[in-house]
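J.: The primary structure of each chain is shown beneath.
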Amino acid sequence: MPEGKFCNKKPINTEEELRELLSDTRGTTYYKEMEELDVDSDAIQATLQKTLKSRLKTWLEVCAHCGLCADSCFFYIANNRDPKQVPSYKIQSTLGEIVKKKGKVTNEFMRHVMDTAWGKCTCCNRCATYCPFGIDMGVMFSYLRGLCFTQGFIPWEMKIGSGMHRVYRAQMDITTEDWVDTCEWMAEEYEDDWPGIEIPVDKENADIIYTVNAREPKHYPEDLGEAAALFHLAGENWTVPSEGWEETSLAMFAGDWAGCKMQVESVYDAIDRLKPKRMVVTECGHAYRATVIEGPYWCGRKDGKPPVETLHYVEWVAEALRNGKIKIDPTKKIKEPVTYQDSCNYIRNAGLRKCAREIMSYIAEDFREMKPCGEHNFCCGGGGGMNGLGRYRDERNTGFKVKRDQILETGAMLVITPCHNCWDAVRDLEETYKVGIRWSFLKPLLLEMAIVPDHLKPKE
Amino acid sequence: MYDFVTGPLLWLSLIIFFAGLIFRTVYYIKGLDTFLDRVTYGVNTAYGVKSAIKSVLHWIIPFGSRSWRVKPIFTILVFIFHIGLVITPIFLPAHNLILEERWGFRLPTISDTTADIMTIAVIVSALFLIIRRIALPEVRILTSAYDYLIMLITVAPFITGFISFHQISDYQFWVILHILCGEIMLIAIPFTKLSHIVLFFLSRIQIGMDFGIKRGGMKGGGKTW
Chain W
196 MPEGKFCNKK PINTEEELRE LLSDTRGTTY YKEMEELDVD SDAIQATLQK TLKSRLKTWL
256 EVCAHCGLCA DSCFFYIANN RDPKQVPSYK IQSTLGEIVK KKGKVTNEFM RHVMDTAWGK
316 CTCCNRCATY CPFGIDMGVM FSYLRGLCFT QGFIPWEMKI GSGMHRVYRA QMDITTEDWV
376 DTCEWMAEEY EDDWPGIEIP VDKENADIIY TVNAREPKHY PEDLGEAAAL FHLAGENWTV
436 PSEGWEETSL AMFAGDWAGC KMQVESVYDA IDRLKPKRMV VTECGHAYRA TVIEGPYWCG
496 RKDGKPPVET LHYVEWVAEA LRNGKIKIDP TKKIKEPVTY QDSCNYIRNA GLRKCAREIM
556 SYIAEDFREM KPCGEHNFCC GGGGGMNGLG RYRDERNTGF KVKRDQILET GAMLVITPCH
616 NCWDAVRDLE ETYKVGIRWS FLKPLLLEMA IVPDHLKPKE
Chain Z
321 MYDFVTGPLL WLSLIIFFAG LIFRTVYYIK GLDTFLDRVT YGVNTAYGVK SAIKSVLHWI
381 IPFGSRSWRV KPIFTILVFI FHIGLVITPI FLPAHNLILE ERWGFRLPTI SDTTADIMTI
441 AVIVSALFLI IRRIALPEVR ILTSAYDYLI MLITVAPFIT GFISFHQISD YQFWVILHIL
501 CGEIMLIAIP FTKLSHIVLF FLSRIQIGMD FGIKRGGMKG GGKTW
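Residue numbers (my numbering), protein chains in the order written: chain W, 196 to 655; chain Z, 321 to 545.
The reader is advised that the hints may include incorrect statements.
Partial list, computed: chain Z residues near chain W (C-beta under 10 Å) [as the list claims (entries may be wrong)]:
#, residue
1, D353
2, V363
3, A366
4, I461
5, L462
6, I479
7, K539
Reference listing, derived: stretches of chain W covered by chain Z, where coverage requires no fewer than 3 residues with Cβ under 8 Å from a Cβ of chain Z [as the list claims (entries may be wrong)]:
#, stretch
8, 244-254
9, 269-281
10, 318-326
11, 329-342
12, 544-551
No farther apart than 25 Å at their CA atoms in a straight line, the calculated lysine-lysine pairs in the DSS-like style are these [unchecked claim]:
#, chain 1, residue 1, chain 2, residue 2
13, Z, K539, W, K520
14, W, K566, Z, K539
15, W, K500, W, K470
16, W, K245, Z, K513
17, W, K252, Z, K374
18, Z, K350, W, K297
19, Z, K374, W, K566
20, W, K500, Z, K350
21, Z, K391, W, K279
22, Z, K374, W, K500
23, W, K470, Z, K539
24, W, K456, Z, K539
25, Z, K513, W, K296
26, Z, K539, W, K500
27, Z, K350, W, K248
28, Z, K370, W, K497
29, W, K528, W, K652
30, W, K295, Z, K350
31, Z, K391, W, K566
32, W, K252, Z, K513
33, W, K297, Z, K513
34, Z, K350, W, K252
35, W, K245, W, K205
36, W, K500, Z, K513
37, W, K413, W, K527
38, W, K549, Z, K513
39, Z, K513, W, K279
40, W, K549, Z, K370
Keep in mind the hints are simulated off the structure, nothing from the lab. Ideal Cβ positions, reconstructed from N, Cα and C, are used throughout, including at glycine.
Isolated chain Z, as found in the complex:
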């Protein structure tokens, strides 16, 4: 079982993940249309690029946009959650050990303690995001089972990873479950809302170009996020 989930299944999920995201990116860009979107992407590109960079930067920096600033608690939760989600699996010592064994290279790593803290931070912030989803009427009305499923897919690798790393229970069982959960997440990303790992950037670039080219950027107004 271990060989299967770390062998063919891992390959399959990595291929689906990368190919899926490349497909989403290409498909998105190909579907942009000057006249349907009413943005001259290809003519006034310089204005668009400048504004697109601003549009991304203001939103990937904590409190970089007014929207982040007016909801500080949510912003902190979102950033802790996302930083943990991205940093932990990529720079985890154990993952890089496997990477070195398999392919002979490794990335710089964070310490196990840092990884633990980030993992717990991901789980706790997810918990608060779920509570927020239930508690706030304006979020509750938007919520469906799908949102919880997505959250589960995202957080499951962290919970199972934490349990297996600390050998809290049957290691063999939890580590296989952890790998499976990770693979489910990789496969789910291109097909679900989780595709926002690329579509966030594409969408922000698009709206940045929209404001930069058409809605004021060329008048020197410059959109303030």
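Excised from the complex, chain W in its bound form:
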């Protein structure tokens, strides 16, 4: 059987296909069909010839097999230094083989490739920092995921995720109406505590356009309320778009580059429509990476930048604290030891290390760095889509050991995680290992600590 009903080479483009695929609980049939899926070697080879150029070719060719990348990989460390987890081995034995064999690989091999590309790498790019040649195996695995996507060898949840973006321009089934309703609802919810609070939808020429992660309206709408309260407190002239509000990209984790482009274009269209001065992205790492760092390239923007200057939430917070737009009550600063989870996507891969430290200097009395930290920090264990993949749950939970130990070593029981994937990962690592740690986004902490001027307080 070449193409399955669920598992095939065609991406999801309609709501109906999406519902059908979702009805195949845990992808049971999907993965069965995958065992029969044909590999189109010619198509793989054609793609390689078109897209595997200098950089990737050189990386595959010159790797000195020195093994320095081994210790850079948290999967290698967490799996008792299993040589099969050495980044160089992982990429050479997958992409390297496909290239060597000019795409002539078997179905079984492609399933092995999938299990490696999604189950043994979170594309955290840490290995690039430790390789003398600067070989970035995260970039290569991302490329490999793209190849797998075109062949239909992708985890079930990834196919769904990519389909969500294609159908809803969001990683979850949230319609424009759902979103706008949630904004109105949250503004009402927060009105009692914050008289005059607004979540302005589609306001033109605002100073800030705020974009979010679909999980916020879907699962934690209070996050949106908190964002509104903080913008209100800081006196920002802001808005959210009715369409193009979603920053995340499961399509990026899936290797669905066309889907990535569709998603990012929806955000850029909103910017063109509403002409804000700047964009602020919620506390999410991969969302920022997708829309701000990689997105411009997917959309063919020649300057490599989004249409307006864009800040990650931590940049906005650092700026608001610096400018005194948000003032912290010194008596309410975090007294207990607290640590910060550096998200790979906006710290190592977007250079925002200093912003995070600046924020901590305002809000924490006993800030403890993880070792290593900043650009050298380890992935939380849940990045690159890992959190959402049932097939690799055990691999992920094993990988958590590195982050668990890093956190415990700081002596802090509170971890600040301004990234959805990190937040989930730390929650799940606590659930798995029960070490007694707590975790939080910045928004709720800031709201507890901020000084609220009298004119913004509710009249009793």
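Use these hints to put chain Z onto chain W, whose structure you have.
T.: Only chain Z this time, still in chain W's reference frame:
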């Protein structure tokens, strides 16, 4: 035989070496692509250049990067090995004598003793690198016969050069073998992993530009290696 290996064969290997490396460099640069690599090399170049310089410097200075610092023994081996590999043949008195005879110019030279020490250092560090390759599971799994072949091609000129210089055995035989080994190395460089004598720099420049332009450099973060 001597005339052949020091005449036409030497010319041939030098031409292949230089032309090969020029080809590798040009081919690499031509194959860079703003949209495939997702780096605007040509638009935000200034940020890229600054970061590219850092990216190279931190890695050609011993212990200049965190990766070098966390593996001090390996780092020392690698640097001794590479310094010896580059310095010895270029500044060797005997090589420069030939250079002067043939082309009428010479480079500054190191002493014969220094050359001996460096040669032995290259051979010994190579030995340790091979032992490391066998002993450490994370390196062993990456290793194939090709890696040993490359090592052999690299170290053979040093072993044969040492033997012939000290006339340990039949000089004529060893010196010809030495020249042949050197020529094999020169020819092998553009076609094998040894091409990293230029690709190391190109690859480091590329990743430096990647981080300097796209991944944080323009936010003033600046990648710390």
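J.: When the hints from earlier in the document are held up against this structure, which numbers fail?
T.: 3, 6, 36, 37 and 38
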